[in-house]
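Please take these sequences and the hints and turn them into a complete structure.
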Amino acid sequence: MSVRVQTEDFDVSQEMLVLRQKNPKVGAVASFVGVVRDLNDGDEVSALTLEHYPGMTERSLEEIVSEAKSRWNIYDALIIHRVGTLLPLDQIVLVLVTSAHRGESFKACEFLMDYLKTRAPFWKKEQTSSGERWVDARTTDSVAAMRWETTDDE
Amino acid sequence: MSVRVQTEDFDVSQEMLVLRQKNPKVGAVASFVGVVRDLNDGDEVSALTLEHYPGMTERSLEEIVSEAKSRWNIYDALIIHRVGTLLPLDQIVLVLVTSAHRGESFKACEFLMDYLKTRAPFWKKEQTSSGERWVDARTTDSVAAMRWETTDDE
Amino acid sequence: MKIKVLFFAKLREVFETNQLVITFTESDNKVSDVLTALRHKEGVWAEELNENKSFRIAVNQEMVAEDVVVNDGDEVALFPPVTGG
Amino acid sequence: MKIKVLFFAKLREVFETNQLVITFTESDNKVSDVLTALRHKEGVWAEELNENKSFRIAVNQEMVAEDVVVNDGDEVALFPPVTGG
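Chains as they are written, first to last, in this note's numbering: chain A, 18 to 171; chain B, 18 to 171; chain C, 37 to 121; chain D, 37 to 121.
One or more hints might be untrue.
[To be verified] Below are the BS3-like pairs computed for lysine-lysine, each with C-alpha atoms no more than 30 Å apart in a straight line:
1. A/Lys142 <-> C/Lys40
2. A/Lys39 <-> C/Lys40
3. B/Lys142 <-> D/Lys77
[Claimed, not checked] Here are the in silico distance ranges between beta carbons for each label pair:
4. C/Glu102 <-> B/Asp28: 49 to 55 Å
5. B/Asp58 <-> C/Glu102: 51 to 57 Å
6. A/Asp153 <-> B/Asp58: 46 to 52 Å
7. B/Lys39 <-> A/Ser83: 37 to 43 Å
8. C/Gln55 <-> A/Asp153: 20 to 26 Å
9. B/Thr157 <-> C/Pro117: 20 to 26 Å
10. C/Met37 <-> B/Asp55: 35 to 41 Å
11. D/Gln55 <-> B/Arg155: 26 to 32 Å
Treat the hints as calculated values from the structure; they're not laboratory data. Given the structure is predicted, the values throughout are model-derived calculations rather than measurements. The C-beta atom is built at its ideal place from N, Cα and C for all residues, glycine as well.
Structure follows, in structure tokens:
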């Protein structure tokens with residue numbers, strides 16, 4: 018199961034071990050963890066609530082993982098995304114990729130994050146000193162995702 | 018201390034927590050773990066021995082970390098590299114980078130690995146089915162390191 | 037034909053509902069017809085689904101454009117640009 | 037002047053030593069003079085330090101080129117291209 022949406026926290030070491038333990042061909046594990054920051058757009062953030070679209074979320078994440086596997090020579094990938102209420106310093110998202118050599122897992126890991134940021138139906142609401150607000154989508158995320166649309170740089 | 022050379026294994030989750038725990042400005046943690054493969058250049062590998070140049074190793078790793086910090090807007094970085102005898106599936110190296118946004122930590126993490134691979138004085142000796150042998154440096158590693166020499170893509 | 041429409045995040049809050057059902061008397065409808073029907077409710081509906089607003093559309097859990105055909109029983113969802121990760 | 041020379045990995049094994057000291061009677065020497073002195077030992081020394089072999093040089097723990105000047109007490113190291121990570 019390469020995709021999980023959950024309220025519970027995750028342990029990176031443990032997930033890494035599970036993802037690669039049966040495969041001594043793995044030489045590289047790239048990973049990314051997204052964390053709740055206590056400041057966004059100049060305001061203090063005291064908590065973050067993550068809403069998602071059950072069903073579509075899992076489906077879109079699985080599609081993203083399939084696309085990464087078809088684009089790069091990787092062994093496996095895992096995405097864990099938390100939902101519910103999170104506090105500053107809490108982990109939000111984990112992306113893990115295993116491959117024989119590092120280039121592929123680095124590229125696939127960054128691709129997975131960029132696509133997740135623009136395609137997976139999650140929405141963040143912040144509790145700030147000036148009240149609650151829905152986080153706006155960032156143009157920089159669309160730009161980051163777009164570079165993977167151009168001709169493959171393999 | 019952003020650089021460690023040690024015989025003991027490391028725990029990625031634990032190192033991540035230590036690196037970012039005092040900083041609620043961290044929104045992104047990129048990491049890379051290198052692992053011993055049971056096959057290299059067509060031969061079965063039963064063990065790997067890592068030799069290094071004490072003193073110069075730590076110094077070169079610290080220089081690489083300083084360079085990453087001067088190039089990208091990152092908060093912190095950690096490199097742990099193991100030495101001594103390792104078996105297939107063992108962790109060899111950990112690179113961790115924290116930043117506010119993901120782009121910087123991804124780039125710095127890949128840069129650290131590429132520079133480490135060509136500049137830090139470590140040497141691998143493999144125990145294979147056909148005897149012991151020193152691992153040859155890969156041209157692909159020199160090429161990977163070279164792309165950071167060109168004009169910054171920031 | 038009946039189309040279920042789901043709302044998420046800010047749209048769910050502003051519309052004060054997470055779903056509703058639209059019944060079309062004729063068949064052969066597109067997502068744009070669903071939007072037209074919702075805009076006819078006026079007030080916040082017309083405002084939030086105005087063409088200059090940026091929102092996303094999914095049909096049966098796949099993101100699509102407005103010209104996609106909808107069929108009886110389809111699940112349409114309307115939501116703001118995503119902000120996970 | 038005295039220069040300590042260290043060897044690592046394959047060079048350490050082939051030379052059957054991890055270090056030696058070279059004494060120069062005149063001053064004003066470069067890394068290339070250290071290499072010339074070692075090549076005069078012939079056998080595996082001449083072979084492994086031949087110009088067509090690829091090896092790396094560090095002076096006082098910094099990688100350098102052959103034309104770098106060495107001073108009394110310097111630590112020179114010779115080793116194969118690195119293969120860590």
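Tested hints:
1. A/Lys142 <-> C/Lys40: holds (25 Å)
2. A/Lys39 <-> C/Lys40: violated (44 Å)
3. B/Lys142 <-> D/Lys77: holds (27 Å)
4. C/Glu102 <-> B/Asp28: 49 to 55 Å: holds (50 Å)
5. B/Asp58 <-> C/Glu102: 51 to 57 Å: holds (55 Å)
6. A/Asp153 <-> B/Asp58: 46 to 52 Å: holds (51 Å)
7. B/Lys39 <-> A/Ser83: 37 to 43 Å: holds (39 Å)
8. C/Gln55 <-> A/Asp153: 20 to 26 Å: About 24 Å separates the Cβ atoms of glutamine 55 of chain C and aspartate 153 of chain A, which means 20 to 26 Å holds.
9. B/Thr157 <-> C/Pro117: 20 to 26 Å: For threonine 157 of chain B and proline 117 of chain C the Cβ distance comes to about 39 Å; the hint is violated.
10. C/Met37 <-> B/Asp55: 35 to 41 Å: Because 58 Å falls outside the window, the suggested range is violated.
11. D/Gln55 <-> B/Arg155: 26 to 32 Å: holds (28 Å)
Checked against the numbered hints above, the structure violates hints 2, 9 and 10; every other hint is satisfied.
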